[in-house]
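There are 2 protein chains.
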Amino acid sequence: MRFEISKDSLLYHLIIAQKALSTKTPNPALTGIKIDAADGKIAITTSNGDISIHVTIEDPSVVIDAPGSMLVPGKYLVEIVRKLESPIVTLSVVDQNLLRIEADRSDITLNLFDLDDYPALQFKTQEDFINVNVRTFKTLIRQTAFAASTIENRPILTGVNLKLEGNALKAVATDSYRLSQKAIELKQNYTSMNVIVPSKSLEELLRVLENNQVDIELHFNQNSVLFKYQNILFRSRLLEGNYPETAKLIPKEFGTTIVFNKEQLQTAIDRASLLSYRDGQNAIVKLNLREDDVVEISSNSPEIGRVLEEVYPVAEVVGKPLKIAFSSKYLIEALKVFNSSEVSIAFTGEIRPFVVTGEFDPQMLQLILPMKTD
Amino acid sequence: MRFEISKDSLLYHLIIAQKALSTKTPNPALTGIKIDAADGKIAITTSNGDISIHVTIEDPSVVIDAPGSMLVPGKYLVEIVRKLESPIVTLSVVDQNLLRIEADRSDITLNLFDLDDYPALQFKTQEDFINVNVRTFKTLIRQTAFAASTIENRPILTGVNLKLEGNALKAVATDSYRLSQKAIELKQNYTSMNVIVPSKSLEELLRVLENNQVDIELHFNQNSVLFKYQNILFRSRLLEGNYPETAKLIPKEFGTTIVFNKEQLQTAIDRASLLSYRDGQNAIVKLNLREDDVVEISSNSPEIGRVLEEVYPVAEVVGKPLKIAFSSKYLIEALKVFNSSEVSIAFTGEIRPFVVTGEFDPQMLQLILPMKTD
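For the protein sequence lines, the chains are V and Y, in the order given.
Residue numbers 1 to 374, in the numbering used here, belong to the letters of the first sequence in order.
Residue numbers 1 to 374, in the numbering used here, belong to the letters of the second sequence in order.
Hints were generated in silico from the structure; no laboratory data involved.
Among the hints, a few may not be true.
[To be verified] With a straight-line cut-off of 27 Å between C-alpha atoms, the simulated BS3-like cross-links for lysine-lysine are:
#1 Y:K262 x Y:K286
#2 V:K83 x Y:K336
#3 V:K262 x Y:K83
#4 Y:K75 x V:K336
#5 Y:K329 x V:K83
#6 Y:K83 x V:K329
#7 V:K83 x Y:K19
#8 Y:K286 x Y:K19
#9 V:K124 x V:K187
#10 Y:K75 x V:K286
#11 V:K7 x Y:K323
#12 V:K19 x V:K7
#13 Y:K286 x V:K75
#14 Y:K323 x V:K83
#15 V:K323 x Y:K83
#16 Y:K286 x V:K83
#17 Y:K320 x Y:K262
#18 Y:K336 x V:K336
#19 Y:K83 x V:K7
#20 V:K75 x Y:K336
#21 V:K19 x V:K83
#22 V:K262 x Y:K7
#23 V:K7 x V:K41
#24 Y:K329 x V:K75
#25 V:K336 x Y:K7
#26 V:K286 x Y:K83
[What the hints assert, rightly or not] Chain Y regions said to be covered by chain V (calculated; three or more residues, Cβ under 8 Å):
#27 75–84
#28 250–260
#29 265–274
#30 296–307
Ideal Cβ positions, reconstructed from N, Cα and C, are used throughout, including at glycine.
Make a model of the complete structure from these sequences and hints.
Right, here's the structure in full:
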């Protein structure tokens, strides 16, 4: 095996593949990057068990002198290629189990792993796949996946529920204290589908997707999903089980609705959380809609001090005064994903979940459960 | 006590004072920032036992309604002021032991510490002080302090030795494996002086000094030094004891001298350290001057692989071929402080210290002890 390639192109694609590279694993072969050279193309494959990436390089810089395959210690390869300065690098297998990297005045050899130890990975596409504009898809994930649980006591909640009906693709994530939901319209109707994708997989996927107008293809399988995007195949396992019925959690009638300038609300909560009483990880802040329709955001820590912020709603308040307490983290994270500069918060009662929506964020809602205080 | 001040000015000076704020200390009062308002000026004082900072704010934004003093929980004050958006903030003591911060629609109170618990700090200037251009002084510290020891087994080596004779101020730091030395010329002669300043203090001092053409004043005391720079007084304790005689460690005669392009040498060592054999923290690389005057930088890790870099000297090599091994970290850190784009490395022998100098770094030398390999 021997080929030369532009250093920048190799590095760019290694960094994509690195997203699925195992760092700690009982199987050392998974800390390796598999490289295949054949038919004028270089293929790079990585897997950490949960996700697998297969990326193909087919650019004018690739010159294959001898086709072949090898399994390279992943971390070292990426670090070395990153530090090379030569525009072109040559990779070849020498003495059967050594990779030799030649670049300008650098001559580097790396001990290869045994290719036979690498698992057989499937990157099979389906005939019946779903097409989504990549920017629309990124928004769908960005606005929901953050709300999934990060603790494993209910594994199903560490995933994002993707549900397809007709031409509507809906994503829901919840950790049981807050919920995020967003739907998008596809260009055509598809067969119905209901799966749970680990939110971690989707967060990694976001990092390899660019902000262009290309479509991303979703190929669903019995227990995995394959995302096809440009020259990248990204596969994730699915979570098994039934996702909870979340529709019934969302209140339909509201006693009070307040419209805020998003940034003003964010900075007020941000300051209030500095001194707030902490219940575990969560800084608790209070919201108080006064009779004069001014909103007070406050927090109180007897040992440290007190913050009181006044926020003026940007539209007439609908409904009656109310006091409610909640985790500042949840509201800050929810506000962050809105594109709208004004957000509407609708309350049902002081111990009922409240709902955040925004005019320029169609079919998206963020729900947060309040916290009890004395 | 009550005053108003520009938020930016307050934050700017708090961040300077924060450099001497204790985070972990048996004395909780030292986690406080002392603020005094009097005579149209605000003074901010902090101390962590090793260093103390006193900074005076006297700008047009300061309006003192009622003079006074207070001791504020430091971390919270800085975080709060950082997050305020109002251009002007008002600070006042209310109910005797509460600081009230009013800014735009924010109303914040912080429980104050007891001012009586704060130590009496001295910021006494001397009549006979030393004047140095601040940029020259920063270079002196930047090029030496990094070589001081960070481990406490020989406390004296955690300091930088400052020695004044006539108009020459010389700084030396060593951790016994490498040594850094630089001298500067002052504008006049002074009384001789020989002290050891903790390198940590000097690193913190660097962070409060700007890159302007102002002078910094050095006021030496029995067991402390006070740096006076613009509106900042920065005091550090001195280390007690005798600094080792380092002059005799520096070889005077050299068998081989090689001139390198600094950047080429840096990147070659950088790549070689990626795979090098590690003895504790130190990646060992080898330098081999071949008969053909090409230099090989190499490293070898039997389990991972091998790096071989060729570096071409940029001037005729003086002396005979040689092989030497050393810690890549020491040479990389030494090269980093040179302003010269070409550096000269002079060797006495394979187990003798070698010396790095640069044409555009007058009166500076970096010395490194080689490591033994098999």
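With the threshold set at 27 Å, check whether the alpha-carbon distance from V:K336 to Y:K7 stays at or below it. 26 Å, holds
Does V:K83 pair with Y:K336 here, judged by a C-alpha cut-off of 27 Å? Holds. V:K83 to Y:K336 sits at ~17 Å (cutoff 27 Å).
Can the restraint linking Y:K323 and V:K83 be considered satisfied, given a maximum Cα separation of 27 Å? Given that 27 Å is the threshold and the Cα spacing comes to 25 Å, the pair holds.
Would you check the hint for Y:K286 and V:K83, treating anything up to 27 Å between C-alpha atoms as holding?
19 Å, holds
- Query: Are Y:K329 and V:K83 close enough, with their CA atoms no more than 27 Å apart?
  - Reply: 16 Å, holds
**Message:** Given the hinted pair V:K323 and Y:K83, is their Cα-Cα distance within 27 Å?
**Reply:** 25 Å, holds
Exercise. Under the criterion that the straight-line Cα-Cα distance not exceed 27 Å, is the pair Y:K329, V:K75 satisfied?
Worked result: 20 Å, holds
> Can the restraint linking V:K19 and V:K7 be considered satisfied, given a maximum Cα separation of 27 Å?
Replying inline: 19 Å, holds
Quiz item: Do three or more residues of the region 265–274 of chain Y come closer than 8 Å to chain V, measuring C-beta to C-beta?
Solution: holds (count 5)
- request: Assess, step by step, whether the Cα of Y:K336 is no farther than 27 Å from the Cα of V:K336, and give holds or violated.
  value: 41 Å, violated
Quick check: the region 250–260 of chain Y, covered by chain V? Criterion 3+ residues, Cβ under 8 Å.
violated (count 0)
- Message: Count the residues of the region 296–307 of chain Y whose Cβ falls closer than 8 Å to any Cβ of chain V, and tell me whether that reaches three.
- Response: The restraint on the region 296–307 of chain Y holds, since 5 of its residues have a Cβ under 8 Å from chain V and three suffice.
Violated hints for the displayed structure, listed by number in ascending order: 7, 8, 11, 18, 19 and 28.
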